[in-house]
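Visitor: Here are the chains, one letter per residue:
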Amino acid sequence: MDFRHPFLNNPRLALFYGLFWVASALVMMLILVFANGLDYWGALVEVFSSMVVFAIVGTSIWYVVRFSTLENNSAVRILLSHFIAASIIVFLYMYIGVVLIKLLNPAAIEWVNKAFINRIFGGYMLYVIYVVFFYAVNYYYSFKEKVRNEGKLIALVKEAELHALKSQINPHFLFNSLNSISSLTMTNPARAQEMVINLSQLMRYSLKHDQSEKVSFKQELENNNLYLQIEKVRFGSKLEPVFEIDENCLKAEIPNMILQPIYENAIKYGVYEATEPVEIKTVARCSDELLQITISNPYDANVKSKKGEGIGLRNIRDRLQIIYGNPYLLKLEDNKKEFTVTLTIPQKIKQNV
Amino acid sequence: MSEKLRTIIVEDEELARQLMKSFLSESDKIEIIAECENGFEGVKMINELKPDLVFLDIQMPKITGFELLELLEHKPQIIFATAYDQFAIKAFEYNAADYLLKPYSKDRLLEAVDKVSERIQKEGTTSDVAERIGNYPKEDFLDRVVVKDRHKIHIIPVDHIRYVESMDDYVMIYTTEGRHMKQKTMHYFEDTLNPKEFVRIHRSYIVKVSEINEIQQYEKESYIVILHDKTKLKVSKTGYKNLKDALNF
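Chain order of the listed sequences is A and B. If you read the first sequence in my numbering, its first letter stands for residue 503, the second for the next number, and so on. If you read the second sequence in my numbering, its first letter stands for residue 17, the second for the next number, and so on.
A portion of the hints provided could be inaccurate.
[Claimed, not checked] Here are the simulated DSS-like cross-link-like pairs (lysine-lysine), alpha carbons at most 27 Å apart as the crow flies:
{"id": "1", "chain 1": "B", "residue 1": "K164", "chain 2": "A", "residue 2": "K838"}
{"id": "2", "chain 1": "B", "residue 1": "K131", "chain 2": "A", "residue 2": "K734"}
{"id": "3", "chain 1": "B", "residue 1": "K260", "chain 2": "B", "residue 2": "K164"}
{"id": "4", "chain 1": "B", "residue 1": "K200", "chain 2": "B", "residue 2": "K236"}
{"id": "5", "chain 1": "B", "residue 1": "K198", "chain 2": "B", "residue 2": "K131"}
{"id": "6", "chain 1": "B", "residue 1": "K200", "chain 2": "B", "residue 2": "K106"}
{"id": "7", "chain 1": "A", "residue 1": "K734", "chain 2": "B", "residue 2": "K122"}
{"id": "8", "chain 1": "B", "residue 1": "K224", "chain 2": "B", "residue 2": "K164"}
{"id": "9", "chain 1": "B", "residue 1": "K37", "chain 2": "B", "residue 2": "K106"}
{"id": "10", "chain 1": "B", "residue 1": "K122", "chain 2": "B", "residue 2": "K66"}
{"id": "11", "chain 1": "B", "residue 1": "K246", "chain 2": "A", "residue 2": "K770"}
{"id": "12", "chain 1": "B", "residue 1": "K60", "chain 2": "A", "residue 2": "K770"}
{"id": "13", "chain 1": "A", "residue 1": "K839", "chain 2": "A", "residue 2": "K753"}
{"id": "14", "chain 1": "B", "residue 1": "K236", "chain 2": "B", "residue 2": "K224"}
{"id": "15", "chain 1": "A", "residue 1": "K716", "chain 2": "A", "residue 2": "K850"}
{"id": "16", "chain 1": "B", "residue 1": "K164", "chain 2": "A", "residue 2": "K839"}
{"id": "17", "chain 1": "B", "residue 1": "K198", "chain 2": "B", "residue 2": "K20"}
{"id": "18", "chain 1": "B", "residue 1": "K168", "chain 2": "B", "residue 2": "K138"}
{"id": "19", "chain 1": "B", "residue 1": "K236", "chain 2": "B", "residue 2": "K198"}
{"id": "20", "chain 1": "B", "residue 1": "K236", "chain 2": "B", "residue 2": "K248"}
{"id": "21", "chain 1": "A", "residue 1": "K734", "chain 2": "A", "residue 2": "K783"}
{"id": "22", "chain 1": "A", "residue 1": "K838", "chain 2": "B", "residue 2": "K250"}
{"id": "23", "chain 1": "B", "residue 1": "K168", "chain 2": "A", "residue 2": "K770"}
{"id": "24", "chain 1": "B", "residue 1": "K198", "chain 2": "B", "residue 2": "K212"}
{"id": "25", "chain 1": "A", "residue 1": "K734", "chain 2": "A", "residue 2": "K720"}
{"id": "26", "chain 1": "B", "residue 1": "K20", "chain 2": "A", "residue 2": "K838"}
{"id": "27", "chain 1": "B", "residue 1": "K164", "chain 2": "A", "residue 2": "K770"}
{"id": "28", "chain 1": "A", "residue 1": "K839", "chain 2": "B", "residue 2": "K168"}
{"id": "29", "chain 1": "B", "residue 1": "K250", "chain 2": "B", "residue 2": "K224"}
Source of the hints: derived by calculation from the structure; they are not laboratory data. Being a predicted model, the structure only gives us computed values, none of them experimental.
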């Protein structure tokens, strides 16, 4: 989200704004001179102290609009904050105006005093016009950002889909699993059958699901468990998945297939290179706003040939960034003995009415 | 030839071993004398038991099947069995007798056995496995080197190599921890070490660029490099040119 002032971001908009006020001020000056009979100096001071001052002070109304967006705040709060901001701005506007007139054209001060209430009213009216204008600008901006983000999301989803197909139905994973099944058909047909079914379920899940879709943490865990079960048939006691899941977390939402590349990595670097049993530990905790998942695996730093710090992990980071707009949701820790991935998944924030 | 082929299976997955054993039990040409779960064990058993035939997986813990071949003193016939088809060319450059893709059928395995037993009748039990023929394939640069001294196998990350010196049929690899001998040619290392990091400075030396502290003129037209630990190495004319190219001076 961009909090910069639209006039700074868009010099053309600032130019139009300036021209609009200069033109209005000129017209006003002519009216004052020819209809109300003021002298030129008096008219200039009057226009300057009323219109130009507001044109300058009014730009700050953007920040009020920006920090009390219509989506995240209650109506009462929005009205209240605008009322307070309007009063401050009108006060400033009046104060600067009076000071300027006193300095530059003391004779007109009486005239000002008479129109005092009108001027205050005018100030509030202008405030309202500004607020409407800035909300429109703000809406336009967020609309444009949304379009841009959606475009990015679609591209990333495609990539993630492809990657998921490539990694989950990774040919070597598949061929090695099939070889295990081939072996089991002779020694343990029941387990062979079980493995065929697990493999089918996993393939169906990875083919079916749309990548931008969120699923329950429970569902995501079940599917990753299928993956781990299949790998366990191959690696036997070498692979020891351990889960410490807080039951309350199971209902939490999570983008689907976001965990699979993490387990794949853990197996590749942890289990594959190991000759001893390797514990892949998953811990999940949650609050109303956050689901935190930690997956860790020990590895042998001497053996690991460090090639490409996981396209899979980078892909997860990108997906989280796009979905939640935060680049710090994936954290990697490597203490040369253990590799730990921590995912923080924001849960839907309840809208206050 | 009535004698059975003395065979070792090197395979990390239990189920894959069971399958292979069960298929092989139907051949009267095979006698399984050992099974190994990883490359380290494989090297030890093959050097000790000197089998006629080895079934070898490629992706294994600790060291790969190819790295295992480089450490063998005894050279048996090799049949690879792997899920990866991209290593087939490399496998035949190692003069492998056959290359089985998992999952394979019993017939395919027994066919491989027939092939290898014919080959043994023609050539005798040992072959020139690990003596690679032809050029080294253009693959990724090495990221580790596996060496063996009397009892231990060392895995040296390429990051730890400081320089390589040729010694007749061997090379001496100087690392941050010590030095190791390996039966390879300088040409092999010149091809497989990343030329951005390693430069051939002399017929006898390949040096890691970041280890060089100083390049000194020694006589007219001849130079030496001085490494951070004060080791001095001769630089040949061509070597000096290579250094110039690598360091841009």
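Visitor: Please work out if K839 of chain A and K168 of chain B have their alpha carbons no farther apart than 27 Å.
Guide: Given that 27 Å is the threshold and the Cα spacing comes to 22 Å, the pair holds.
Visitor: Given the hinted pair K200 of chain B and K236 of chain B, is their Cα-Cα distance within 27 Å?
Guide: violated, 33 Å
Visitor: Quickly compare the C-alpha distance for K246 of chain B and K770 of chain A to 27 Å and report which way the hint goes.
Guide: Violated, at about 40 Å.
Visitor: For a C-alpha distance cap of 27 Å, please report whether K164 of chain B and K838 of chain A respect it.
Guide: Status holds; Cα separation ~25 Å.
Visitor: Holds or violated: are the alpha carbons of K224 of chain B and K164 of chain B at most 27 Å from each other?
Guide: holds, 22 Å
Visitor: So if I understand the rule, the pair passes when the alpha-carbon distance is 27 Å or less; does K734 of chain A with K720 of chain A pass?
Guide: holds, 20 Å
Visitor: Does the alpha-carbon distance linking K168 of chain B and K138 of chain B stay inside the 27 Å limit?
Guide: Distance ~35 Å between K168 of chain B and K138 of chain B Cα, so the pair is violated.
Visitor: Are K734 of chain A and K783 of chain A close enough, with their CA atoms no more than 27 Å apart?
Guide: Distance ~14 Å between K734 of chain A and K783 of chain A Cα, so the pair holds.
Visitor: Need the status of pair K60 of chain B, K770 of chain A: alpha-carbon distance at most 27 Å?
Guide: Satisfied, since the Cα-Cα distance of roughly 25 Å is no more than 27 Å.
Visitor: Does the alpha-carbon distance linking K250 of chain B and K224 of chain B stay inside the 27 Å limit?
Guide: OK: K250 of chain B and K224 of chain B at ~14 Å, within 27 Å.
Visitor: Hinted pair, alpha-carbon criterion (27 Å max): K198 of chain B, K131 of chain B. Please report holds or violated.
Guide: Not OK: K198 of chain B and K131 of chain B at ~32 Å, beyond 27 Å, violated.
Visitor: Hint check: K131 of chain B vs K734 of chain A, CA-CA at most 27 Å. Holds or violated?
Guide: violated, 34 Å
Checked against the numbered hints above, the structure violates hints 2, 3, 4, 5, 11, 13, 17, 18, 19, 22, 26; every other hint is satisfied.
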